[in-house]
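For the protein sequence lines, the chains are G, D, R and F, in the order given. Residues are numbered in the working numbering as their position in the first sequence, beginning at 1, plus a constant of 879. Residues are numbered in the working numbering as their position in the second sequence, beginning at 1, plus a constant of 879. Residues are numbered in the working numbering as their position in the third sequence, beginning at 1, plus a constant of 879. Residues are numbered in the working numbering as their position in the fourth sequence, beginning at 1, plus a constant of 879.
Don't take every hint at face value.
[Said to hold, decoys possible] Going by beta-carbon spacing under 8 Å, a handful of chain D positions derived as facing chain G: (1) SER885; (2) PRO935; (3) ARG965; (4) SER976; (5) ALA1034; (6) PRO1035; (7) PRO1039; (8) GLU1065; (9) VAL1068; (10) LEU1107; (11) MET1108; (12) PHE1119; (13) SER1146.
In short, the hints are calculated from the structure, not lab data. Beta carbons are placed, not taken as given, at the ideal position from N, Cα and C, and that holds for glycine.
Protein chains: 4
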Amino acid sequence: MIPARSVPEAMDSVRDGDADAALVPLENSVEGAVGVTLDELANGDPLVIVREVVLPVTFVLAARSGQSLAEIREIASHPHAVAQCRGWLRRHLPATSTVDVLSTATAATGVAKGDYDAAICAQIAVERHRLTVLAKDIGDHPEAVTRFVLVSRPAPPPTPSGNDVTSIVVYIAHDRVGSLLAVLTELAVRGVNLSRIESRPVGEALGRYCFFLDCAGHVAEARMGEALMGLRRTSAAVRFLGSYPRASVERVMPAPGTTDEDFADASTWLARLRSGGTG
Amino acid sequence: MIPARSVPEAMDSVRDGDADAALVPLENSVEGAVGVTLDELANGDPLVIVREVVLPVTFVLAARSGQSLAEIREIASHPHAVAQCRGWLRRHLPATSTVDVLSTATAATGVAKGDYDAAICAQIAVERHRLTVLAKDIGDHPEAVTRFVLVSRPAPPPTPSGNDVTSIVVYIAHDRVGSLLAVLTELAVRGVNLSRIESRPVGEALGRYCFFLDCAGHVAEARMGEALMGLRRTSAAVRFLGSYPRASVERVMPAPGTTDEDFADASTWLARLRSGGTG
Amino acid sequence: MIPARSVPEAMDSVRDGDADAALVPLENSVEGAVGVTLDELANGDPLVIVREVVLPVTFVLAARSGQSLAEIREIASHPHAVAQCRGWLRRHLPATSTVDVLSTATAATGVAKGDYDAAICAQIAVERHRLTVLAKDIGDHPEAVTRFVLVSRPAPPPTPSGNDVTSIVVYIAHDRVGSLLAVLTELAVRGVNLSRIESRPVGEALGRYCFFLDCAGHVAEARMGEALMGLRRTSAAVRFLGSYPRASVERVMPAPGTTDEDFADASTWLARLRSGGTG
Amino acid sequence: MIPARSVPEAMDSVRDGDADAALVPLENSVEGAVGVTLDELANGDPLVIVREVVLPVTFVLAARSGQSLAEIREIASHPHAVAQCRGWLRRHLPATSTVDVLSTATAATGVAKGDYDAAICAQIAVERHRLTVLAKDIGDHPEAVTRFVLVSRPAPPPTPSGNDVTSIVVYIAHDRVGSLLAVLTELAVRGVNLSRIESRPVGEALGRYCFFLDCAGHVAEARMGEALMGLRRTSAAVRFLGSYPRASVERVMPAPGTTDEDFADASTWLARLRSGGTG
């Protein structure tokens, strides 16, 4: 276990062979996609996702030992965290001012150094800096979660579990509704469902985007294979980001006619037709 | 060469092995599909189309030797033929009555036997019955053509010519616009163009149809193969009616990303991904 | 009630004002579309369908009085009728020959004149020619029906019944799968279902088609109106053939979001947005 | 002109009537969407976009007066800004360390206070804090831009300019590829092009998204109006965020059949049909 200062640093350490894998945040149920992770997955030497982990997001209010809630005047945190605790702060500390810092970890460090009275941060930062917890679970969205992915250097994907996700990046040639429709149709016509779509700018001008797609299924499955080949043939470019077990137990059943058995039957039938049989 | 009295008889003689192939009319540029041929192709033991021939439709006005145009009072023909010569008849023989008979050949036979004064028929019937041509090319649609197909017992299709037609019959499970859209989308997404679509009733009730499709391409080509497999998987049933050279020289070029090379590249790429490569 | 010798004659008598309406066959559950009716609807001065009637098709074997089944050697009928009675003939009169004539009515006339021993025809022809019925219901498809439509000169369509059909002819500019897909998508996106699609050749060359569509709904309904306007804007041409009550009781419910109320709500909402409201 | 500390604060001041409008960043050509702005537009009392402004993003390296480039050891900036200047830093200051702070403005403040040697910031911050520019245009993406929008309380949209953007948020009922396809099809079938699509999480769980769409056209135009009504009828919810002139001169021409004239013609035609005319 090696801590990294940033997502790019963590992923570069995998690329360089200094680490075997990196656990990086991909999206948060409140704040959305983590752009830097998407960009790192889309660019540079390819890495693949081999596992996903969905973890609850919980915030504590932490201070140095001996401080009481009544003494808190200035609270530091990342603005996203402050935003997620706004309701609690309004009810319990209406007179307190907040200081925006770069991360919740930075806020905890600052509290330890005496820069601020308290930090909104994760429990782990409390332990690292020997702080005291003044209040737990202060987030306004108690069910908020962050989805992390474990990325490694390219390797054969894990065996299909029957409930997998395949992540890809697709680049389209023209920024028209028709182009995105065509991408989605390549998936839909093979019965591949989307669980997420995220656009990201490409290059320096506005108006050019690539799309991060999370698809239900595994690259080893026939319908996913045919859909990926369709995207490969018809889009400007596709980067495969991995097939891995879905963290959630909620499973999407394949549409009629799209199981591996259906594809195998169709393939046998076509072979008969091509050799003069009658189907 | 064995003449047959009807399309079903001709096709049954191929099924029974009494003939190697039958040349049957499939559609006429003025009258449309020849329903009996479609039905014979869709039902019974499978036959396949191995060639198409497009022939001009020309009509002559034929009488017994010695008859002159001025003496013609009653003209026999098939109503379709009469309809296609209506303009000429109005201009040249406005006072003549027409008798509807079952075919232009029957009309010529009747003229030879003395049943009628003249027949609207094909040149070949003139020769067969030693009639005299009173007027040539009397059709109102001088460019009208009939498309015939040569059908044989199932056999490996002819080698792809680069400009082929693949004919199929597709049955859909539900009579909704969505079902037909789904069929057409299976073709379109693989870049397979349609040159003809014809619906025919299925069974005894109204509202159930199958679709006769003429698609641009050959079953041996990757895009056609994948499209056929898609229909096989997702429609109620598909019957393959053959891949054969297109009679017309007008050629449809494959859409970008749909050549056999594009499919082969995509297949190689997918194999790399599945074995842990990076594409 | 004026009998007409042919479908075109019947329809021209309406166009000319000699008749108020004509009842013409549109499709048969066994034989499919009646091409001549489609062509007459698509061409010439516009006529509109105001009603549809679905009638069972039943065949009798009729002969002159005094004839018995055992004496029948030669049976006349239209080939379609012969085809639909093939099973009965094989079981009951295997040694009989059949003579193809232009219509079942012609066959009955011929029997009355003594040209043939018996006719396969409709009950009404038996009465007209004072023939005797040797066997009833001899068709192999006892549930076969023919769908007739009553056509009149253009007039406001009948009031919506809640279960109507709208018939149109659509011409597409390019004979590609994409063009037909676009037509069907204009319907599907407004929740308009198809109950029939029929292609017919346009002009003299093969490969150009128009499409006869029977859509579920009435021109007075919002979703049908918007779909028709969409076709008007994006296809080469559309001819409206009428909105009229569906003969069958089987009713298709509108898809969610496509009732007249949904359209009215959306229209009110849009008006609010355009005037600076917030929806 | 009132400076606001954050995007939510700026937008709330418009909601509260303390300001007439707020200029907020919507997306950056390198970093992508500004999530907090999207969330503020989607939630709370409605606000509308009335104008967009696209501004170049340029970075300077700024220090206190008297500092030279050779003396710089520690540079502060927002990590996005550091990332965009990584190439310049590697070439010119390879030994320097960077400190991540919350914004480029914060970095400039810190330099003025003596916390850091230099800041990567905008020119305007240099003037505000009386700093010295050590290097200009140090970004690796010299054409990078940020798109700002001016938001106000709901009001009638600006008159169509002929080259407008309409921004909306669409919520879909089911997280399937089919649902997003349906949204895009509502737009495509009316000839409305997308210039941007952005997904954002909805609520607290992963897997539920809404979509921010920038569409080419104005709410006052017929095709946009019909498309918006289609989304209103068929999606779970739509929020209109405004129609306003496109900042870029690059103009998308309407597809054939989708001008206001085409819609007006189709509407007149439908009215004729409904009243018994023939189109």
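Ascending list of hint numbers which this structure does not respect: Violated: hints 1, 2, 3, 4, 7.
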